[in-house]
Amino acid sequence: MNKKQKTIPLNVKHTIADLRIRSGLSQIELAKEFGVSKATIGNWEKDSSRIDFNSAQKISKFFRIPIEYIYFGSIKEFREKLKRAIE
Numbered sequence: 001m002n003k004k005q006k007t008i009p010l011n012v013k014h015t016i017a018d019l020r021i022r023s024g025l026s027q028i029e030l031a032k033e034f035g036v037s038k039a040t041i042g043n044w045e046k047d048s049s050r051i052d053f054n055s056a057q058k059i060s061k062f063f064r065i066p067i068e069y070i071y072f073g074s075i076k077e078f079r080e081k082l083k084r085a086i087e
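Residue numbering for the sequence shown follows full-length UniProt numbering, starting at 1 and increasing by one per position.
In case anyone wonders, no lab produced these hints; they're calculated from the structure.
There's no promise every hint is true.
Label pairs and their in silico Cβ distance ranges [to be verified]:
id	residue 1	residue 2	range
1	Arg-84	Asp-47	30 to 36 angstroms
2	Arg-84	Lys-46	36 to 42 angstroms
3	Lys-13	Lys-61	26 to 32 angstroms
4	Gly-24	Arg-50	36 to 42 angstroms
5	Ala-85	Ser-48	21 to 27 angstroms
6	Gln-57	Arg-22	16 to 22 angstroms
7	Arg-22	Arg-79	22 to 28 angstroms
8	Lys-38	Pro-66	22 to 28 angstroms
9	Lys-83	Arg-22	26 to 32 angstroms
10	Glu-87	Arg-64	17 to 23 angstroms
11	Gly-42	Ile-86	32 to 38 angstroms
As a list, the in silico SDA-like pairs of lysine to any residue whose alpha-carbon atoms are at most 25 angstroms apart [to be verified]:
id	residue 1	residue 2
12	Lys-38	Lys-81
13	Lys-38	Ser-49
14	Lys-61	Lys-83
15	Lys-58	Gly-42
16	Lys-81	Ala-31
17	Lys-61	Val-36
18	Lys-13	Asn-43
Everything numeric in this text was worked out from a predicted model, so none of it was measured.
Idealized CB from N, CA, C, for every residue including glycine.
Start from the sequences, fold in the hints, and give me the full structure.
Okay, structure coming up:
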């Protein structure tokens, strides 16, 4: 019997856009800060491409937030997603 592997959905697209907008930064400004293109920022925000761990670390340090927040949002959201994934 093959069971479908359950995964925890990531929250990256909403998190990055939210952090950027709350900080008053444009995609271009954020891209310059992290040494990536505006298109890369746009792709992360649209979830067209996955953010690599090194970039997530840079964002975490820049915005002074735990790296887990980038991937999962709040602890409450993470717990809910984890619970759904294991049910």
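Against the earlier hints, flag every one the structure doesn't satisfy and list their numbers going up.
1, 2, 3, 4, 10, 12, 14, 16
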